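A.B. asks: Residue numbers (the numbering used here), protein chains in the order written: chain Y, 1 to 489; chain E, 1 to 489.
Treat the hints as calculated values from the structure; they're not laboratory data.
The model shown is predicted, which means the values in this text are computed figures rather than measured ones.
Any given hint could turn out to be false.
As the list claims (entries may be wrong) - BS3-like mimics (lysine-lysine), calculated; alpha carbons at most 25 Å apart, straight line:
(1) E:Lys400 / Y:Lys477
(2) Y:Lys482 / Y:Lys409
(3) Y:Lys479 / Y:Lys400
(4) E:Lys361 / Y:Lys275
(5) E:Lys46 / E:Lys36
(6) E:Lys352 / Y:Lys243
(7) Y:Lys158 / Y:Lys265
(8) Y:Lys354 / E:Lys243
(9) E:Lys352 / Y:Lys439
(10) E:Lys80 / Y:Lys439
(11) Y:Lys280 / E:Lys361
(12) E:Lys439 / Y:Lys80
Protein chains: 2
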Amino acid sequence: MAFTFDWKEDRNLTLLVDFYEITMANGYLRNGVENKTAYFDMFFRKVPDDGGFCIMAGLQQLIEYMKNLKFTKEDIEFLKSKNEFDDTFINYLENFEFTCDVWAIPEGTPIFPGEPLVIVKGPIMQAQFVETMILLTINHQTLIATKANRIVRAAQGKPVLEFGSRRAQGYDGAIFGARAAYIGGCTSTACTIAEKLFGIPAVGTMAHSWVQLFDNEIDAFRAWARAYPDNCLLLVDTYNVLKSGIPNAIKVFNEELVPKGIRPKGIRIDSGDIKYLTEKARKMLDDAGFNDCSIVISNSLDEYIIRDVLSQGAKIDSFGVGERLITAKSEPVFGGVYKLVAVEENGKIVPKIKISENAEKITNPGFKQIYRLFDKSTNKAIADLITFAGEVIDESKPLKIFDPIYTWKKKTITNFYAKKLLIKIFDKGKCIYNSPSVKEIRDFSISQMDTLWDEVLRFENPHNFYVDLSLKLWTAKQKLLKKFTLSEE
Amino acid sequence: MAFTFDWKEDRNLTLLVDFYEITMANGYLRNGVENKTAYFDMFFRKVPDDGGFCIMAGLQQLIEYMKNLKFTKEDIEFLKSKNEFDDTFINYLENFEFTCDVWAIPEGTPIFPGEPLVIVKGPIMQAQFVETMILLTINHQTLIATKANRIVRAAQGKPVLEFGSRRAQGYDGAIFGARAAYIGGCTSTACTIAEKLFGIPAVGTMAHSWVQLFDNEIDAFRAWARAYPDNCLLLVDTYNVLKSGIPNAIKVFNEELVPKGIRPKGIRIDSGDIKYLTEKARKMLDDAGFNDCSIVISNSLDEYIIRDVLSQGAKIDSFGVGERLITAKSEPVFGGVYKLVAVEENGKIVPKIKISENAEKITNPGFKQIYRLFDKSTNKAIADLITFAGEVIDESKPLKIFDPIYTWKKKTITNFYAKKLLIKIFDKGKCIYNSPSVKEIRDFSISQMDTLWDEVLRFENPHNFYVDLSLKLWTAKQKLLKKFTLSEE
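Okay, chain Y solo, but in the shape it has when bound (with noise of 0.2 Å):
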C-alpha cells in the first residue's frame, strides 16, 4: 500500500540552489539578456566503478521539484535581506513561474557516458536556475541505482535486500537512496517510510539488541518465536554463530515451531566469515530437517564480495546490502554536469561549445535527441546515435555510424530499428508526462537488461557501448572547434 506521495507540498527547496545561479540570474536581468532562450543539457562522462553503463533515475522527484517551483514570502524576505539584488529581480522573482520545456530519459533506462539525460529549454534566467536540483537529484538517484544493478546482478538472482538507512548521507539519501536501490534492482528494504511513500516492500525482524535483552540467547530465540511464530527469522551471531546461535536456533523451532506444524523462516549472519559459516549453517540446518529453512547474509556487502563468496560456493538465499550501496561507497560521486549548448538568435538556435584539453570533456553542441539502435533479430541495442533534434532515422536503409574520435572506426547497421530516448516532460512549464510507479520502473529497468550484450554487462573491463554523434551533429562539433582553434592562434 504506497500513499500519495508530493513531497514539495510538504518541503520548500526552491532556494537548495547554488548561490551563483541566483547572482547570474540578477546578472542576466542587469544585462538585458533575461530571457534569451538557452538550452542546457545534463550528462555525464564516466560511469562509477569503470561499469559499462548506468540506470537513469531520479526524475520523478525532479518533476515534483519543477511542477512547484516558486518563491515563498520567507525566500523573498531571505533574499532581499542579502542586499545584493535589484527590486525588478526581487519582483521578478515574487512572481516566478517555471516556462520551460524539458526533455528527459525515463527512469531505469540504462544510460551511456556522453547522452544528454535531460534537457532545458528556456528563458536563460530560469534554466540556468534549475541546475543545482537537477544535477543533484539525478546525480545521486542515478548513483545509486546503478551501484544497486550492480550488487543485484552479482547475487545471481538471489533476493537483495537494501538495508543501509542508517549510514546513508542524510535522511533523504536513505529516503530516496531505497527508491533509486529498488529502480535498481533490489526486492525490498528496511527503510519504512520508502514502503509508505513508494510502496518498496518493507522487511526486518531483529537486532542483537532483541538478544541481548533476554538473560541468554535461547530465551531471546524462544520469546521471538512465541511473538512470530510465522515470521520466524533469527539473528544468529550475538554469541557464537556455530557453537550457540544455529544449534539454539534449532532448538526453539522444534519446540515452537515443528509442534505447531510452522515452518521456520530462516536465520541471519552478521559477522564472520560468510563462506565458512553459511556451508556449516547450511549443513546443520539441513540434518535438522530445516533445509527449507533460508540463510540471510548482511555482512558490509557489495557486488564484488557477492560474486567472491558465491563463486566459492557459499550457501546464501538473500543478502541484506547496507552502507555501500545506500552511499556507493567504492565511487560515491556520480559526476553529471549541467552545459550551455545553445542560444536562439533571431529565432534560429545557434550551438554553442565549452572547450577542454580533455577531449571528452568537449560538449557536445545544439539541441539533440538521442537514438537508441536495436537488432531486429536479437533485440539487443547495438549503439545509441547522438543526433539534433529532428533528425530522422531511415530504418528501412543501412545506417553508416562512426567513433567521434576515432572516425576511421565505422559500422553499418542493418537489419535494426531505432527508439527514441529524450521524452518531452514539461511544455512551456506544464508537466505532460506521467512517472510511472516505482514498481513499474524497477520492472522496466530489469527487463532493459535483456536487452545489453554480456560484454556490456561485465564487472571488469565491459566493453565501451558505442554512443556516436550523427553526420550532421559531429560536422557542426567540428565547425566550432575549428573556429575555437583558429581565434587562439
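Fit chain E to the known structure of chain Y by using the hints.
C.D. replies: Only chain E this time, still in chain Y's reference frame:
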C-alpha cells in the same frame, strides 16, 4: 540573517526507521517487556581516513526529531495496512510519547573511537525505536564535519568554501552537509538555503554558462563587471586561462573598474594544473597592478591536493571544495553503531555486553560518563577516561590510567583538570538543552583544535589519543567477558 528552522514542523520522518525496530517493538509488547528500562550507547569504532579524531555533529537535528516524535494518522493507517501488528501496539503508537533520558556530547567536540556520543535510557520500546534516526543523523553530519576539519586544516588558514550541493547524496546531504562542513571549519557555502536556515554565509558569482552565453569571453566579463562592479570575481577557464581568461580579466578590470576607483575581487580557476596556473596567474595579475586580486581554486579538491599544491608554492587565496567534501569521497561511511549496554532489573542497572572475536568490537557495558583530562599548564587534552556514570574524578590527586587492552601500558596523570563530555539533553522526554547557533558550534570546534597535540592532528599515522576505562568499568567488563567465555567452554 537566519530564519527560524524547525524541520519537523514541515516533515514527518517518524517512519524513517528500519522496519525491524517496529517488529521488535511489537515483539517487546507481545512478551510483556515493553517497559523494561534499557540503556543504549551510540559510538563509533574507527576514524575515517585513518585520522586522529572526529568532530561531533548533528545533535541539533537529532533533538528536533526527538522533540517531535509522534505517529500521524497516516503513519498509523500505513502500519495497520501491513496486517502484522497487534491492536494494543497500534494503540500504543497512537498515544506515543517520548519519555527517555538522553545524554550527548555537544556538537563541535573532538571525539574518539569507543566513546558513547549519545546515550539513551528509557523503556526498551522507545529507546530501541530511535536507533535508525540517531545513527543516520549523527553518522552523516559527523562524517562531513570531520572531513571538512581535515580539509580546512590542510588549507592552513586560507578560507575553504563548501561548493558540493550538486554532487551531494540527496537534498539533506546538501543542506545538512553544508551545516556540518561549516562546523568543521569552512567559512561559507554555495548552498543558498543553508544561509536561510542556519546563517552560513552563501557565496557565488558565475558559471561557465555565463561566459558561453555571450559572443566571446571579454563581452561576458564586461557584462559581469557592469552588473557587479563591487563584486567582480571572474571565472577565467572557459577557453584558456593564460592566453585568454587572465588577459581578458585584466583588460576588463582596467576598463570597467579602475576608472571608477573600484578594485576587482578576484579570479576563479576551475580546471587545469593548479600549481602552474596559479603561479602564472599571480604574476600576470601582479604585473598588471592587481596584487590585491584574489585567486580562487575549485577543481576536485581535497585535503591531500590542497596540502600538496600549497607545499609546492601554488598562489591560492581560497579554495572551493565540492564533491570530495560533501560526500567524504575518500571514505563516505561513518560507521556509528547503537548497542544495548545495560538494562534495569528491580531498579538495579545490569550491564550487558556484545561479544565479538574482534577485541575492538566488544562493547563497553553499563551506564557511562566520559571525562576529558586536560593538562593544567598547557590546556592540552591528555586522555579521555570512560567511567560508570556517577564515578567522580579527584583532580587533587594523581590519577592512574591504563590501556584497556594492553593493560601494562600505564600512565599517572598529575596537574590536570577533568571535564565531563556527556551532557543531559532530554529528561524523561523533555528537552532540557538549548543548541548553540551553528556559528557558535563552529567557533567552539575551531577553539578545540588548540586542545589537541600536533601528534593527534597529523594526517598520516596520527598518535592514538588515549581512551581508557576507569578501573571499575574495566573490571566489570572483564567479569562479563569471563562469564561468556566460560559459558562457551
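A.B. asks: Please go over all the hints and tell whether each is borne out by the structure.
C.D. replies: Evaluation of the provided hints:
Of the supplied pair hints, the one linking Lys400 (chain E) and Lys477 (chain Y) is violated, its CA atoms being roughly 74 Å apart against a limit of 25 Å. Taking the CA atoms of Lys482 (chain Y) and Lys409 (chain Y), the gap is about 22 Å. The hint holds against a cut of 25 Å. For the given pair, Lys479 (chain Y) sits about 21 Å from Lys400 (chain Y) by alpha-carbon distance, which is consistent with the 25 Å threshold. Simply put, Lys361 (chain E) and Lys275 (chain Y) have alpha-carbon atoms about 21 Å apart, close enough for the 25 Å limit, and the pair holds.
Of the pairs offered as hints, the one joining Lys46 (chain E) and Lys36 (chain E) is violated, with about 31 Å between alpha carbons and a cut-off of 25 Å exceeded. Distance restraint check for Lys352 (chain E) and Lys243 (chain Y): the Cα-Cα separation of roughly 20 Å lies within the 25 Å cut-off, and the hinted pair is therefore satisfied. As the CA atoms of Lys158 (chain Y) and Lys265 (chain Y) are separated by approximately 16 Å, the hinted pair is consistent with the 25 Å bound. About 16 Å separates the Cα atoms of Lys354 (chain Y) and Lys243 (chain E), which keeps this hinted pair within 25 Å; it holds.
With a C-alpha separation of about 43 Å, the suggested pairing of Lys352 (chain E) with Lys439 (chain Y) is violated against the 25 Å cut-off. Restraint check for Lys80 (chain E) and Lys439 (chain Y): satisfied, since their Cα atoms lie roughly 22 Å apart, inside the 25 Å limit. For the hint linking Lys280 (chain Y) to Lys361 (chain E), the alpha-carbon distance of about 24 Å falls within 25 Å, and the restraint holds. Annotation: proposed proximity of Lys439 (chain E) to Lys80 (chain Y) holds, straight-line Cα distance about 22 Å (limit 25 Å).
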